[in-house]
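Enquirer: Model the placement of chain Y on the given structure of chain P, informed by the hints.
Just so you know, the sequences run in chain order P and Y.
Following our numbering, the numbering of the first sequence begins with 86 at its first residue and continues without gaps.
Following our numbering, the numbering of the second sequence begins with 6 at its first residue and continues without gaps.
FYI, nobody ran anything at the bench for these hints, they're computed from the structure.
Note that the structure is predicted; figures quoted are calculated from it, not measured.
Do not rely on the hints blindly, as some may be mistaken.
Stated by the list, open to error - In silico contact screen, one side only, chain P against chain Y (beta carbon under 8 Å); selected entries: (1) 142; (2) 162; (3) 176; (4) 177; (5) 178; (6) 185; (7) 187; (8) 191; (9) 194; (10) 319.
As the list claims (entries may be wrong) - Far from chain P, by Cβ distances over 10 Å, these chain Y residues were calculated: (11) 68; (12) 170; (13) 284; (14) 332.
Said to hold, decoys possible - To list a few chain P residues with every Cβ distance to chain Y over 12 Å, as calculated: (15) 148; (16) 154; (17) 262; (18) 291.
Just so you know, even glycine gets a beta-carbon here, dropped at the ideal spot from N, CA and C.
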Amino acid sequence: MNDLRADKVSVAFAGLKALSGVNLTVSPGQIVGLIGPNGAGKTTLVNVLTGFQTATEGAVLLDGQPLSGLKPHEVRRRGIARTFQGGRLFRDLPVIDNLEVTGVGLGQSRAAAIAEAEVMLDWVGIAPLAGRIAGALPYTDERRVAIGRALMGRPKFLLLDEPAAGMSAQEAAELSALIRRIAGEMGCGVLLIEHNVGLVLGLCDHIVVLDSGAVIEAGPPDVIRASEKVRHAYMGSAADTDLPVLEVEA
Amino acid sequence: MARYSILRRTIATPLILSALLLAFALIAWFVGSRPFNQTVIDIFLQVVFVVGLYTFIGNSGVISFGHIAFACLGGYVAAWTTIKPMMKGTAMPGLPDWLMQMEIPFWAAALAGGTFAAFWALVFGAVLMRLSGIAASIATFAMLAMVNAIYSNWSSVTAATSSVVGIPIVRSIWPYMIAAILAVFVAWAFSISRHGLALRAARDEPTAAAASGINIPRVRLIAFVISGAIMGAGGALYAHSIGLVTPDTFYLGLTFTTLSMLVVGGMGSLSGAVLGVLILSSLIQVLRWLEAGVQVGASTFALPGGVQEIALGVVMILILMFRPSGIMGNSELTGLRARTEKPVEPGTD
Chain P
86 MNDLRADKVS VAFAGLKALS GVNLTVSPGQ IVGLIGPNGA GKTTLVNVLT GFQTATEGAV
146 LLDGQPLSGL KPHEVRRRGI ARTFQGGRLF RDLPVIDNLE VTGVGLGQSR AAAIAEAEVM
206 LDWVGIAPLA GRIAGALPYT DERRVAIGRA LMGRPKFLLL DEPAAGMSAQ EAAELSALIR
266 RIAGEMGCGV LLIEHNVGLV LGLCDHIVVL DSGAVIEAGP PDVIRASEKV RHAYMGSAAD
326 TDLPVLEVEA
Chain Y
6 MARYSILRRT IATPLILSAL LLAFALIAWF VGSRPFNQTV IDIFLQVVFV VGLYTFIGNS
66 GVISFGHIAF ACLGGYVAAW TTIKPMMKGT AMPGLPDWLM QMEIPFWAAA LAGGTFAAFW
126 ALVFGAVLMR LSGIAASIAT FAMLAMVNAI YSNWSSVTAA TSSVVGIPIV RSIWPYMIAA
186 ILAVFVAWAF SISRHGLALR AARDEPTAAA ASGINIPRVR LIAFVISGAI MGAGGALYAH
246 SIGLVTPDTF YLGLTFTTLS MLVVGGMGSL SGAVLGVLIL SSLIQVLRWL EAGVQVGAST
306 FALPGGVQEI ALGVVMILIL MFRPSGIMGN SELTGLRART EKPVEPGTD
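In isolation and in its complexed conformation, chain P is listed as follows:
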């Protein structure tokens, strides 16, 4: 009941189906992986779940209640947070203000938002970056700041869109540990969209595989590893760029 659920979600752009009847459920404290080749519809699904894209058919349900028609800021206020592929930090603002913005967006006073931001910076492990201008941060720090920003207000669910892109194996392992803490300590349900399949297989309780807008496989990591359909979806990709390129210690 206390789940985030995509129920037979379809999205069409000018007749072209980006998603076809996708079902997906994330429970509190669970880490769900969403993988698939480029163009599979992963980000479109995240956009639907967070109110940036309207589903042509189907519904998104939070705790059993439909989120249809809600704007992105209203979805966020109901406890569904997300990060973006490109980071999308407020580049002219210091790191602490990036987190503070979410606090005030959720209705806090500036003082309360700053206080929570300081706690969150410590929790994520980026407190030394607090006064740095976000636009001057290295790529990997940007990702961690984006996660810290999304965690403000202790969301029920966190949707991470390719958080490990461009990270080294060591950095990806640290990210992996952080995501475990988010699910374990905060009880936050995490939907992880990631091209680093090694990281997803090592981290997630349940994995959904999309190809051409449809779910082709869903299950625990062992099922995904053994699936011929998944192998075919990846191996069938022209350049094989989406094959697991980086293994991360689980």
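Expert: Below, chain Y alone, put in the same frame as chain P:
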């Protein structure tokens, strides 16, 4: 208690700007010349207008061509509420009786003008703030044209395009200086408020701001109403500085001048807004002086009329070419050197 003290970190900016404005007032007071006095009053009024523009444009990033409409609304409120009833009856016979009999002090008219303009900013803004980018800018220009058309044609209430005279003239510089300083403090208070922070975040990354829970049209609307109130109060005081209003007093000329000042000073900076006024007003005064003619030996040297506007345009183009973010960029005056947004490390405050 948060380690960051926003107020302590930023209060220097309005204090420095206020000191600058006070210095101008003191100079005018010591000089004691009436034309110079009027020049300084004009500067203070421009500060009110440009700071009003900054409150919306600087924080939202949406260029508004329509804010002078709010000054027009405020200016006519001053006419409706301060002119002697007999004169109002002649010029504006369509006014309701309660307004016809009203005669309030200039400062009350300024408050009423600000409130009236804020109300209409709320009405217009409820629609306009849903737009973004160039669509929003064009819509604000349409709003300016609509207000101008209404005030130019509603003869029984606004005397149409005729000058509405008889507004009590206030010649003291102090009320204008106080208004300019108040405008600076209101703009500063908004920029450090949670709505100000949210609006600047939405300006820089609207998608991420929405994903952070920010209702972008709402925070834009708050800024629009506050800036409308500042412009309306400024419009009322403008009417009291010259003693008359016409719809064209508050139209394209003033729009161009105030936007130029904001662009030159820096759209993202309160200090830039004030410095833009001081720099361009000084330039305008020098050009006015040259247009009036300067005695050089036996002959008189005079620039042709219209040079002021041309010079404003040239300065604006040069700034846009070589320093698009204006003289101050996104920095603020905080003492010995300009400050970009929040360089202080937490815990050091």
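Enquirer: Take the hints in turn and mark each one as holding or not.
Expert: The hints, checked one at a time:
no., hint, result
1, 142, "violated (24 Å)"
2, 162, "holds (5 Å)"
3, 176, "holds (7 Å)"
4, 177, "holds (6 Å)"
5, 178, "holds (6 Å)"
6, 185, "holds (7 Å)"
7, 187, "holds (4 Å)"
8, 191, "holds (5 Å)"
9, 194, "holds (6 Å)"
10, 319, "violated (29 Å)"
11, 68, "holds (18 Å)"
12, 170, "holds (47 Å)"
13, 284, "holds (24 Å)"
14, 332, "holds (18 Å)"
15, 148, "holds (18 Å)"
16, 154, "holds (15 Å)"
17, 262, "holds (24 Å)"
18, 291, "holds (24 Å)"
Of the numbered hints listed earlier, those contradicted by the structure are 1 and 10.
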